[in-house]
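Protein chains: 2
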Amino acid sequence: MIPETYRCVVLARYIDGLPGPDDFAIETRPVPTPGDGEVLVRNIYASLDPGGRTRLSGEASYIPPLSIGDIAGAFNIGQVVASNNQAYAVGDLLAGAFGWSEFGLSDGRGYLAKIPDWELPLSTWIGVLGVPGLTAYFGLKRVAGISAGETVVVTSAAGMVGATAAQIAKILGCRVIGVAGGTEKCDWLKGELGLDAAIDYKAVDDLGAAIDDAAPDGVDVLFDNVGNRFVDALLPRMRMNGRIVVSGQVGDYNLASKDVHGIRNTRVFITHRVRMEGLVVFDDIADFPAAQAEMAAWIKAGKLIYREKVYDGIESAPQAFRDVFQGTYFGRHLVRMAPIP
Amino acid sequence: MIPETYRCVVLARYIDGLPGPDDFAIETRPVPTPGDGEVLVRNIYASLDPGGRTRLSGEASYIPPLSIGDIAGAFNIGQVVASNNQAYAVGDLLAGAFGWSEFGLSDGRGYLAKIPDWELPLSTWIGVLGVPGLTAYFGLKRVAGISAGETVVVTSAAGMVGATAAQIAKILGCRVIGVAGGTEKCDWLKGELGLDAAIDYKAVDDLGAAIDDAAPDGVDVLFDNVGNRFVDALLPRMRMNGRIVVSGQVGDYNLASKDVHGIRNTRVFITHRVRMEGLVVFDDIADFPAAQAEMAAWIKAGKLIYREKVYDGIESAPQAFRDVFQGTYFGRHLVRMAPIP
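Each protein sequence line maps, in turn, to chains A and B.
Residues in the first sequence are numbered from 1409 upward in steps of one, following this note's numbering.
Residues in the second sequence are numbered from 1409 upward in steps of one, following this note's numbering.
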């Protein structure tokens, strides 16, 4: 049964600082009828991605900024409910990018991938096997090119990207230090994830000194999800040919650019031949299936685990998005809008 | 005739800020007799390298810091005057790293290369075909991987590294914008070097806006010799998959680390997949001969030109080193200590 209307969350004003419910509005719209070549998707999950923050202040991210009244961007898991596109049949489960919306319409172009029947929970396809997990995978494998025996520091290590990166680095034979805020997160990193060390950045006066204690011989790879302050603290600890993967900047997204920490410790770029490079995972889209197959095997073997914080109903998205930046919960933040088929 | 004594310039105190004559002392030492496997070299030229600055404040560079009383580091062109090493004969002309010193002793290890008889001025081997020229070559070819049609910005473009990089980028089919201080330098960049644009950073209020005028479609490669302030101004102008080659930091070497400009515009590392990477040219030492052959052909064809500022006598090195940072002259700064054979 396709309803006559659906709800979505739109941008009510350009956001300054920490996002909150007043920045968004919930709208009810008529469910569209798919035209020629189009497919109508009922969304089951929508993601809450810190990286989506930049587009909400009228600035370009790796995709153009949103206008006021646009549906807030997000990734989704959904099911086809009507199709005029031969590639998709009613009942197909898809990963796509429809935003904070109960329904989505696609002409099949852009990010729209059928979910294979690998007997994994549906939410894995928007989490550990979705954009955050693939960011971890390609950030370590392609951008950093990590090798067994290297020392890897992961920031925001209890988030979905960070926790996946930390575990992949362990699986690939690295020594891994996680940085996170709070004892609960650090206990999880050391206990359940088995990292070699976890640093509670809120509990240490000097992050650099804490890194020195945990990695006295220095750091080969910094997989950073937080931003300039942590990068600057880590730079003097980078080993020869060290790599900094700029995966996310959750600590900087809500700051005016004058308030962002300035990176000063750049001398090591020359002395230690450090390389710093960012990624947007869609550059690797052709390699998603192979990466997902490798990660799925790790999940089934119990080597790669994940945490989720699931909110109910599309109306919860604005507050849930605020929670992401406040670090109240950890793991992948998702909104569920329809029952799992 | 080998004299009984020679003069050298040693570090008299760790340097704070701009280096000057009081930071160094001239010593007279007995000329050593080469032992087994050793070779004695009379230096003809010594270089004045801004990159040598960091080692003079007790900090490690890509090689360990100097101690008080050590000979100041530099590259040299010299001639073998006595040899107990089968690989080198009296009369051989060599490029090496003996420092600000009239003589040097080597066991043949480290950087010591015979100069081929290519009928080029001897000073080319410490300049455009030496460390600065090779830094330009490998910075563009290996680190940046430049392609014809790309837009390249070179800072400190009237220096030996910068001018060589700017010309190589032109030879390889790029659009090249040079940044330098003063009209004389900029006139030379546009006139004799034929760059597409030259920006006098001392004459513009806003370097970023000046870059926007010269490169309205953005910048593919920043070949930076100056440091954080220019990198930060260029970052928002970088195009997709842009590369920043950290070749030198002449604007930052004399600053206390708290006074170094902090780089804030790091968002483009993700949105535009920017890569920033430093180099020390000796990582490419196995490829020096092929690079030098290619560059020598460009020199002979008149496509690659260079400027020199030659000082007479080893005693002039401390003031000459100060001049390097003050930008009084431009091109390769050299001290000549013996006649050209």
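Some clues are possibly wrong.
[Stated by the list, open to error] Lysine-lysine pairs mimicking DSBU-like chemistry, simulated, CA-CA at most 30 Å apart:
id	chain 1	residue 1	chain 2	residue 2
1	B	Lys1708	A	Lys1549
2	B	Lys1598	B	Lys1666
3	B	Lys1610	B	Lys1598
4	B	Lys1578	B	Lys1717
5	B	Lys1610	A	Lys1666
6	B	Lys1598	A	Lys1666
7	A	Lys1666	A	Lys1522
8	B	Lys1549	B	Lys1598
9	B	Lys1711	B	Lys1666
10	A	Lys1578	A	Lys1598
11	B	Lys1711	B	Lys1549
12	A	Lys1610	B	Lys1666
Read the hints as simulated data drawn from the structure, not as lab findings.
Query raised in the report: CA of Lys1708/B to CA of Lys1549/A, is that 30 Å or under?
Result: 44 Å, violated
Query raised in the report: Taking only the CA atoms, is the gap from Lys1610/B to Lys1666/A under or equal to 30 Å?
Result: Since the Cα atoms of Lys1610/B and Lys1666/A sit roughly 23 Å apart, the hinted pair holds (cutoff 30 Å).
Report task. For the pair supplied as a hint, Lys1666/A and Lys1522/A, confirm whether the alpha-carbon distance does not exceed 30 Å. Result -> 43 Å, violated
Query raised in the report: Between Lys1610/A and Lys1666/B, does the CA-CA distance stay at or below 30 Å?
Result: 23 Å, holds
Requested in this report: Would you check the hint for Lys1549/B and Lys1598/B, treating anything up to 30 Å between C-alpha atoms as holding?
Outcome: Distance of about 23 Å is within 30 Å: holds.
Query raised in the report: Has the given pair, Lys1578/B with Lys1717/B, been kept, meaning a C-alpha gap of at most 30 Å?
Result: Within the cut-off at roughly 24 Å; holds.
Report task. Compare the distance between the alpha carbons of Lys1711/B and Lys1549/B with 30 Å, and conclude whether the hinted pair is satisfied. Result -> The given pair, whose Cα atoms are some 17 Å apart, holds under the 30 Å limit.
Requested in this report: Take the C-alpha atoms of Lys1598/B and Lys1666/A, compute the straight-line distance between them, and say whether it is at most 30 Å.
Outcome: It is violated: about 35 Å lies between the C-alpha atoms, which goes past 30 Å.
Query raised in the report: If you draw a straight line from the CA of Lys1711/B to the CA of Lys1666/B, is it 30 Å or shorter?
Result: Violated, because 42 Å separates the two Cα atoms, which is more than 30 Å.
Query raised in the report: Given the hinted pair Lys1578/A and Lys1598/A, is their alpha-carbon gap at most 30 Å?
Result: 12 Å, holds
Requested in this report: For the pair supplied as a hint, Lys1610/B and Lys1598/B, confirm whether the alpha-carbon distance does not exceed 30 Å.
Outcome: 17 Å, holds
Query raised in the report: Are the Cα atoms of Lys1598/B and Lys1666/B separated by 30 Å or less?
Result: With Cα atoms ~36 Å apart, Lys1598/B and Lys1666/B exceed 30 Å; violated.
Hints 1, 2, 6, 7 and 9 from the earlier list are contradicted by this structure; the remaining hints agree with it.
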